[in-house]
Every structure is written in C-alpha cells, then in structure tokens.
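With the hints as your guide, set chains Y, Z and E onto chain F.
Number of protein chains: 4
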Amino acid sequence: MSNYPKFGAGLWHFASYVDRYATDGYAPPVTTLEQIARAGRVDDLSVVDVPYPFTEGVTIDQVKAALVEHGLEAIGVTPEIYLRKFSKGAFTHPDPAVRAELLEFLNEAADVVRALGAQYLKVWPGQDGWDYPFQVDHRQQWRLAVDGMRELAQANSDIKIVIEYKPREPRGKMFWDSAAKTALGIKEMGVDNVGVLLDFGHALYGGESPSASAQLLIDQGLLWGMDVNDNLRGWDDDLVVGTVHPVEVFEFFYTLKVNGWEGVWQLDQFPFREDTVEAANLSIRFLKALHRALDELDVEALRAAQLRQDAMGAQRIVQDVLFSCMRGE
Amino acid sequence: MSNYPKFGAGLWHFASYVDRYATDGYAPPVTTLEQIARAGRVDDLSVVDVPYPFTEGVTIDQVKAALVEHGLEAIGVTPEIYLRKFSKGAFTHPDPAVRAELLEFLNEAADVVRALGAQYLKVWPGQDGWDYPFQVDHRQQWRLAVDGMRELAQANSDIKIVIEYKPREPRGKMFWDSAAKTALGIKEMGVDNVGVLLDFGHALYGGESPSASAQLLIDQGLLWGMDVNDNLRGWDDDLVVGTVHPVEVFEFFYTLKVNGWEGVWQLDQFPFREDTVEAANLSIRFLKALHRALDELDVEALRAAQLRQDAMGAQRIVQDVLFSCMRGE
Amino acid sequence: MSNYPKFGAGLWHFASYVDRYATDGYAPPVTTLEQIARAGRVDDLSVVDVPYPFTEGVTIDQVKAALVEHGLEAIGVTPEIYLRKFSKGAFTHPDPAVRAELLEFLNEAADVVRALGAQYLKVWPGQDGWDYPFQVDHRQQWRLAVDGMRELAQANSDIKIVIEYKPREPRGKMFWDSAAKTALGIKEMGVDNVGVLLDFGHALYGGESPSASAQLLIDQGLLWGMDVNDNLRGWDDDLVVGTVHPVEVFEFFYTLKVNGWEGVWQLDQFPFREDTVEAANLSIRFLKALHRALDELDVEALRAAQLRQDAMGAQRIVQDVLFSCMRGE
Amino acid sequence: MSNYPKFGAGLWHFASYVDRYATDGYAPPVTTLEQIARAGRVDDLSVVDVPYPFTEGVTIDQVKAALVEHGLEAIGVTPEIYLRKFSKGAFTHPDPAVRAELLEFLNEAADVVRALGAQYLKVWPGQDGWDYPFQVDHRQQWRLAVDGMRELAQANSDIKIVIEYKPREPRGKMFWDSAAKTALGIKEMGVDNVGVLLDFGHALYGGESPSASAQLLIDQGLLWGMDVNDNLRGWDDDLVVGTVHPVEVFEFFYTLKVNGWEGVWQLDQFPFREDTVEAANLSIRFLKALHRALDELDVEALRAAQLRQDAMGAQRIVQDVLFSCMRGE
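Protein chains in written order, with the working numbering: chain F, 260 to 588; chain Y, 260 to 588; chain Z, 260 to 588; chain E, 260 to 588.
With the rest of the complex left out, here is chain F (with noise of 0.2 Å):
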C-alpha cells in the first residue's frame, strides 16, 4: 500500500458562501464548530487551515476542542484581511490608521497560530492591488506591501508567515500576483521567517506551469506550503481537484516527490453547489490514486526523457501510470 502523505484542507471547504449574486448564500451559515465537525467526516483528513476570526461567538478554547473531538490539527491560520475594512487593500490601505490596525489584527491572528500550536500563519492579501488603470502609485504599492509584511514578520519572528499569491479577485488585480514577484518581494524583505503558499489553481490561471512555480520557489528555499484544486484556467473556480487538470496536478506532485518536499496535501475548494464532505472524499479519493501513480512511475525513464526534452516520450511514461491509478483501489 502507498505511503500516503497527511491529507487537510482549508476550514472554509466545509463552510458556505455567498458572491455578488447569491447574496442568501449557496446554503444556510455554517458555524466554525460545524465546519471542523465536517472536516471530521472527511475520510483520512488530518489537517486543517483555520479562518479567523471564527463564527460569532465561537472561543478559542472551543476551537481547540472540537479539533481534539474530531482527530484534527490546525496547520495554519487565515486571518480575513479582505473584509470591508479593507477593501481598499490591507497592507497597501491609503489610509496609515487601517493599515495600523491591520497589524494589530494580524498579531492577534499570529497569537492563534500559536494558540493552535498551527505551522504558520497564511497571509492572502485578496484586496491588495487595483482596479483601474491610473488608480495607485505603483512604487508606493510595492514599499507599503514589502516593508508592511516586514514589519510583521519582525514583529513575529518565533512563527512561520506564507504569503498565498493569486493573481486577482477580488481585487482586479492583485499586488503578490505571482511565484516570482512574491519571491523577489520576500528576498527584498531580508527576513527569514516569511515563505510561499502555492496554491495549484492560482498558478495555473496565472499562466504559469505550476510545476515549474513549485521548483522556483523550491530551489529559492520559499516552498513553506500548498494547496490544490482546479479551474478552467480563466479564474479561481475553486473546483474539485483532478476534475479538469489530472496531468498538471500530477506533475505537480511529481515535482514534489523528486525534490524530497514532504508536507501536507492540501485542499483550497468552494463547493458552491455541493455537498462539502463529498467534494472532501473525492478529492482525497483522487489525491490517493495520483499518490499511487507516482509509487509506480518510471522516474529514471521519464528524467532521460526530459533531458532530451522527448515530450511523447515523457508523456507515454506518464499516462501509462496516470490512467490506470484507479485500478485496484
């Protein structure tokens, strides 16, 4: 059997939503307490990324016990900082007094990673950026967004901070839009404690080759954690993993294993119309057969087909092992 890797998603998976449309919501609220309840009913899921703050009324201490009750672990921490006070941006807010609180907010978060014993804490800065053309400074952007991240990262030496880039939404387009500018950002930063979140489907609608994203920040030593799940590389559909882009994945994780990266296998999805825990199960279902395909690939054959840059050749490797990950499941 494949040594399979530890499987956890994203708290959120298991919440509802709304958008500019649906403003009832795809279902009834779901409370942070019933979201990990339903993260508990994931088959083999071990993990999970926490939002904060949590559902109304919900405390810390209940947090930590319904992880307990359900066989769960926070790895990370996803403070909401593209709520209406900053839709204007976060970091890169024009007004000093919000982006004094937003440290003061992310502090507060970064508390609860440590709280939650979590790895890191994830910082999405969804309304960081612009709309129009001729809307900001673009040299202002690049300190404020730079030098603020800095300052957090001082502020939080003892605790890991990953930077989620996405190109746009809800933002039109978004200030860390990219593997490398948030690499070249977080070199100019000059601190150790801040790393990359990538997550496959924000790579892939950006126009890069995920795969090739997770070796850049790999070989740069930014690699700190992932998330996958798919799109029709158009926008950040959120769909489940697998369902339109298997052999993109599958590099994905290939790249992975050949350069020894071992860490959790995350889910970034919003079942918008389905049941979560489903979507959850398929996922994983799917995750565990690519996990199998890759205990089977030739990877000798496929290097010495990439050496020569043999695309049919690397490709026949790949589907002979790719399309046959379900047998015998």
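To be clear, the hints were calculated from the coordinates, so they are not data collected in a lab. Predicted model only: the values in this text are computed from it and were never measured. Incorrect hints may have been included.
Same chains, same names: a pair is fine if it fits in one copy or spans any two.
Claimed, not checked - Below, a list of computed lysine-lysine pairs in the DSS-like style, where the Cα atoms sit at most 27 Å apart:
hint, residue 1, residue 2
1, Lys-432, Lys-265
2, Lys-323, Lys-446
3, Lys-446, Lys-419
4, Lys-432, Lys-419
5, Lys-432, Lys-516
6, Lys-265, Lys-419
7, Lys-446, Lys-432
8, Lys-323, Lys-516
9, Lys-265, Lys-516
Same frame as chain F, now just chains Y, Z and E:
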C-alpha cells in the same frame, strides 16, 4: 449641442455589494428606495432597470412614488433568479418543482413590469449552466432552457422579454453564453416577444466584438436593449465604461448609430469600492463625449475605408474624433 | 476487445511547419506523397484529410496511388484558402475579383473531392474576419460570408461541405468563430449540403464546452465531422490529444457515443518539434484507451447523476474508468 | 510644441511575414536594406533595432551605409535565436553542442552591436521553455537559462544586454515570461550588464499592468529599453499602438515620465496585412498626441487622487487630457 440619447442604469449600480470574500459587504446595505434616490442624484440619468424583489418591506407603490419623485422611469425589471433557490439553475434546475416556482415568480415579475409601465422583463439566468465536465446532459439543458423561456413568453405575450447573455459567473459556464447561441435559441422558440439585451462587457470578455454582435442581433431583429461597462477581457468586472476599452465601446455606439438604433444608453456597473453616484456621473460624462464624437465622425470616409478593409485609414478617422471628444466639453 | 472506430488525421500532421519566428521551418519541407507515406507508418490510421493544392509537382493520380499503396482513404479535402492571396479574407475579401477567384478555386477543390472519393470538402476560412476595431462593416461581412458559402454549396450540390469554425488565428478574429454562429449562418443559407466540422481544440479555447457544442450541432443535424487535439485554453496549440485535457475530451467522445454518432475519430495536431509519426501513435494509443473506457462506463448511473446535476457522483463514475483505461492495454 | 522623444522601431516592422497558414508570406520578401529604406520613409523615426543575421548577401558595411543614408541609427541588435536550429531552445537546448553554437553566434551578434555603435544586444529567447506537461526538468531549465546568460554577459562585459520577456509564442510557454521572473533571474546572475527590455504588449497579455511592471523594473534598476504595440490581451498580436488600449499605454508612458525615464519610444509591431510605413506613421502620430497629453496632465492632482486610491478622480483627470490629445494637432 449634441442631441443626447436618454441615459439609464441598472438600479443595482447604486446598491452595495458582497462577494465570496468581503462577506460583510463593501458598504452597508442600501434599500431600493435609497437606490432610487441615489439614481436621482446622478446628472442626466432618466431611466433605471429595477431588480425584483425590492429590498425588504418596500412596496411597489413606494417604488412608483420614488421614481416619480426623483424624475425617473423604469425601463425594465430584473427578477433575481440567481438566489439560493435557483443555485443549480432557474429554467434548467433539475427539480421540476423549482422550475414551477420559477415560472410563478417570473409571472409575478411580469406583473411588476406592467405595474411600473416598463418596456421589458429582463431575464438573466446566471445560474443556468454547469460547473464540471460531465455534470449535465446538454440536450436536456437546451430543451429546458428553450422550452421554459417559450412558456414564459407565451404566458406573457403582452410584454417584451429580453435575455441577457453572459459567458459565465456565477455559474462556471452559463447556458445563454453568446449572441449567436441566444439568437439560435430564440428562433427555435417561435415566439415574437423574446429578444436580446446585449451587455457590452459580456460580449467583450466572451471574445466577441461587441460591435459585430450588435450588428448580428440587429440583423436578426433581436437587439432590444443594451448595457455598457468595461472589464479586463477576462471577467465581468463591470468597471466604469471607457476606462479600459474606449475604442471598442465607441465602435459599439457607432454601430448602433449607423443602424438607426434608438434606445437608452444604459449602464451596468458594479462600483464595489467607489462612490456610486460619482461613478455614474463619470460614465455619463464619457458617454456624452462619445456622442459628440459620433456627431463629428466622418461616416462616409469611414465606410469607404471599411469597404477596403483599410484598418489604418479607419483608425485615423476614428482617432481624430475620439481623442478630441473631451475638448470644449 | 473494444470495437474501435476508424482513426484519421489531417495530412498536415505529417508535414513540417513554419511560423512567424522560425521562418526557416521546424523541419525540412515534406511533399504530399511523403506525408502520405508517413501517415501510412502510423499504427491504426485509416483515413486522411488532404490539403489542396498538393506540394509542387504532385498530381492527383500520384496522390490516389500513394493512398492506395499506404492503405489510406481520403475522408476530406482542405483547400488552402488562407495563403497570401486571401490574407484579407476569402469569402469576405474586399475585392470582388478575389472572391471570384476563390469560388473558382473551391470548385476545383470540389473536383478533387470527387476524384478522391472523399466524404466532404472542408472549408476553413481562417482569414475571414478582422484585426482592428472599426476595420470592417459587420453587416457586409455576414452577407459576404453567408452568401458566398451558399453559392459554393449550390454549385456543388452533389458533395457535402463542412465549415470548420475557430475563434481566431491567423485572422485576429475569425468570422466563423463558434458552433452557434456557424449553425445560425448555415440555417440562413437554406441549403442542405453544408454542415460543421467541430475541432475540439477550437471549441475549448473559444470558451465552449466541446461536448455541449457537439450536442448542439447534433441536435441541429449539423455535426458532420470532427477533429481532436489539445491546447492550453488560450490558443489553438494543436497539441497531442489528451496531454492536457483528458477529461473534457472523454466527455466529448461520450457525447458522440450516446448520440449514436458514428464517424472517424480524427486528429488535427501540429507536432512542431516532435516526430510526427510518434505523435500520431501516442494520440491513437490514448484514443483507443478512451474507447475502452467508454465500453466500461456505467452510462445509466452517469445519466442518473446528470439528471440530479450531481457533479461529484458523475465525476466518481467517470474517474473509475478514465483513470483505469491504460490497464491491460 | 511638445518636446518629443526619439521614436524608434524594430526593423522587422518593415519586413514581410509568414505564419503557419500563409506559408507563402503576407507579402514578398523584403531585404534588410529595403527595410531600412522603408524605415527612412517614416516621419519622425530616428532609430531602429536591427535583426541579425541580415537577409542573404547583405553586409554590415551596407547596413551602416544604409542607416546613414536614411538618417537612422541602430539602437540595438536582435539575434535570431529562434530559427530551426534553436527550436527546442537556445540557452536551454538539450544538446550542449547547440548551446555552444548559440554562444558563438551571440558573441558574433555582440560584434555587430559594436560595429553599429548600438546601445544593446537584445536577447529574446522565444524558443526557451516548454510545450507539454512533464516535458522538461524545470530546475535544469533555470540553471541553463541563468548560467548561459551570465556566461554571455561576462564574455561581453563592454556591452549591455537586455532580455525581452514574453509569456509564450513560439514556444508553448516561454522561460522568461514575466517582469518579476526576469528580474529574479538577473539578480541571480550577479552581473551588471544585463537588464530588461519591456514590451508593452507582452506585459499586457501576460496579465501584468505594463505600468506596474515598468515601475518594478525601474525600481530594480533594470528598465533599459522598451517597445510598444497593442493586442487583444490574449495573444501577442503586435497591433498598432493605441488602437485597442490607449488608456493603459498612456499610463505606461506616464509612469516612465514621472520616473524621469528618458529613452527611445519604440515600436514592435507586425503589420501583417497593412502598409508598414503607414502603420508606423499612424503609431507615431498617436505617440506624439500622448506626449502632448502628458504635457497637459495635472500630475499633482493625479498623484493626490492616487494617494487616496480615488479611481474615479484619477480617471477624470486622465480623460480630460487623453480624449483631447488630437485637438490642434
């Protein structure tokens, strides 16, 4: 002075918005009546497209009175057939009971069209479509979408119905996704009270030339309404018109003019982070400038250039007036 | 053993290519006869689509003899109506003299269809369309495109003509750009010998679901031919089928099967940097695996899931067979 | 009168083109010397970027003489490292012998830079990258791309080298694909004679804000050259500047101005179906109008709006001058 057309806007232009991240809303909620009051504060705005149902507790008599008070007329009514109940589809919902509820609700909305003396019922089935490969039987979708619309049309033969097509969002892929598919479906309906409302931004990010689509629909006798806005060609950003693609929106209005299309120039914009009245004013200021540019355009010379497919000559003629249209404002 | 369909390929699959950068060609030129010989070396290839004119000096008798020698039949003939003469359009060229030459040339190509006993004349007007805003009069384009095709059809009522639509390239925007627009135009022609050849990749990068487009065309009685390949959804990359989007190509063949569509499974690929025979072999190996997967697919269960729009259930059924289809090959 | 900058163009602007369909070329071949003569006929063109090798039989002395005769200077030299020999990569070609040939050829091109007194050697490795998932080892690609460029730079420390990045084409995905990745790679080279040439269109269709990328490169000390053109955001269409996205190209030049960037305003356009001299004239006419608009722009008011992220206010200021820039021409 240029003989300006009537300007209009979807009433939602003056609302506040949520999305899947800023779940607390980009601004506090705005009632239907306050939306009308805001619309009334826009210079040169004459008509609005009214979403239905109104916000909680607002009656149709209040709406009528508010429209009169603010010097506005209702051009259309937009039933919200994209809320939770219809999240797996409105016309194409898998459950016949939901489809029956839909028709009942749409008939109710048709009564609002009558009560407000509006010109059309606008049907935008944003949840009709699919998200995943293999999720739906495409033949069945066509049947449900076309037959349901015919049934609605026949039940309300005294009013005009316009379908607004859009490539996607909120559904991963929308059924009514293009000008041509919508025209094809309407022809199959065999009714004479269904047409199309062309949204400039939907056409643009669907890879259409909005101008070519307008011409196609005019030639099919189906262009019964329109909306303008702007986007980055990858999503329905609903930005302020002219801020990104002024050339193509100018071509769009040129096409309407040479075809003698005389209707309202209408806005469908979502100013998430902007002052909604200011956004409308900026838009109409630009549209008026375009209208003056059309007055000055040398249409004969442009037509002659087009007959030769002389792109450089055509652009020179266009640039002469487009890039002078704010002078002497 | 699976009862495989006939497999085919555009003969250009075995040619060499230039593009605007590698103007000396990705490989030395290949004559029509050598292309046929290469096609003959592919395992399981039965039919080819033959570009016309042939390479310099090659006669139709030589082509016929070569096809026989290599055990191949011509399924169609593709006239090259996208060379310099037609760079501003074929059917929609601004010069009537060029349009007259076009029809003369197409009638000649129709004779080649007759001479080779092929099933159809494939018309792909890649230069019909526009590049710049304001470049063309869209009403006139429609008239020229539709009237010209009707005239061709009426002059050759004994043979079938298939239009292959494509969003763009080489023209910035192609006139026949989608399944629905092509169906709409054909209906207006009022002839019964014009149908559609659906290219999977064209539909995919045009934002269509190739499966939904196949269903639409089948229901309109117009799906008379098809091609498969793959791409990155942003361009007509003409990659080897299944290397990027195996799920959607499987859905496409599923749709053909449940509709009882029985025709050639054909390749339209441009292996710029690959061995062309090896690329075809890899493709057909994959297509045969898909065919076996269709044999094993639980169609009743899948239909039931689709009736509920149960995306997770449908994917589970599909993944069971798709990701097992290379076993026991 | 506005104090215009120098205007330039890639010499290929005046050539003829082939693509994979119009293999006989959109126009008859044009020699290097005739390209120079055409460039000389453009109003206000001062400098050209010269592809190397020249067309057959043309010597460097002839090129120098022709430049003098037509009142032009060479700003750069562009070695054609994307022909057949390099179709699987230039710096990243799998065969070490080809990589050795590449460096030899680039050193030869560097001699042409010296002979023509040009400002830079422009390196655009359009074939470095990959087409298929699993085709290459991404770590090895980075090493070959970065180490090869460093070696070239060290062997030619007396001249400047600029890398032109581009998302893709002709390779399915290009290695140097974005501003940030290029900056990251250059930093790792540890040399001081490698910078970036930013192509507006490449940034645009790569999903970047060209203005933001210009600012990033300026702040990294790496913006050493630039090209403008236009496209439909989905491909490198190399259309005439300003015909589709005048607002963003205006923002781009605004960014250069406020940073005190003083260099040539250069064209990289492919007028496939247009008169090449007329296309250049139309372009420069537009660029001069933009330059006048920058003279009139209220920079202080715009900066103040940007500090508030006041998109509407910024657009109003911009529209006032942009849409008046052709008046009094």
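These are the hints, each one checked on the structure:
1. In the homo-oligomer, the alpha carbons of Lys-432 and Lys-265 never lie at most 27 Å apart, since the shortest distance is 33 Å inside one protomer and 32 Å across protomers.
2. For a Cα distance limit of 27 Å, the shortest separation of Lys-323 from Lys-446 qualifies neither inside one copy, at 35 Å, nor across copies, at 44 Å.
3. Proximity of Lys-446 to Lys-419 under the C-alpha cut-off of 27 Å is found in both arrangements, the shortest distances being 15 Å within a copy and 25 Å between copies.
4. Taking the shortest alpha-carbon separations for Lys-432 and Lys-419, only the intra-copy value of 26 Å comes in at or below 27 Å, while the best inter-copy value is 33 Å.
5. Proximity of Lys-432 to Lys-516 under the C-alpha cut-off of 27 Å is restricted to the inter-copy arrangement: shortest distance 23 Å between copies versus 32 Å within a copy.
6. Taking the shortest alpha-carbon separations for Lys-265 and Lys-419, only the intra-copy value of 20 Å comes in at or below 27 Å, while the best inter-copy value is 50 Å.
7. In this assembly of identical chains, Lys-446 and Lys-432 lie within 27 Å of each other by CA distance both inside one copy and across copies; the values are 22 Å within and 26 Å between.
8. Within a single copy, Lys-323 and Lys-516 get their C-alpha atoms no closer than 32 Å, and across copies no closer than 52 Å, so neither meets the 27 Å cut-off.
9. Within a single copy, Lys-265 and Lys-516 get their C-alpha atoms as close as 14 Å, which meets the 27 Å cut-off; across copies the closest is 40 Å, which misses it.
Hints 1, 2 and 8, counting from the list given before, are not met by this structure.
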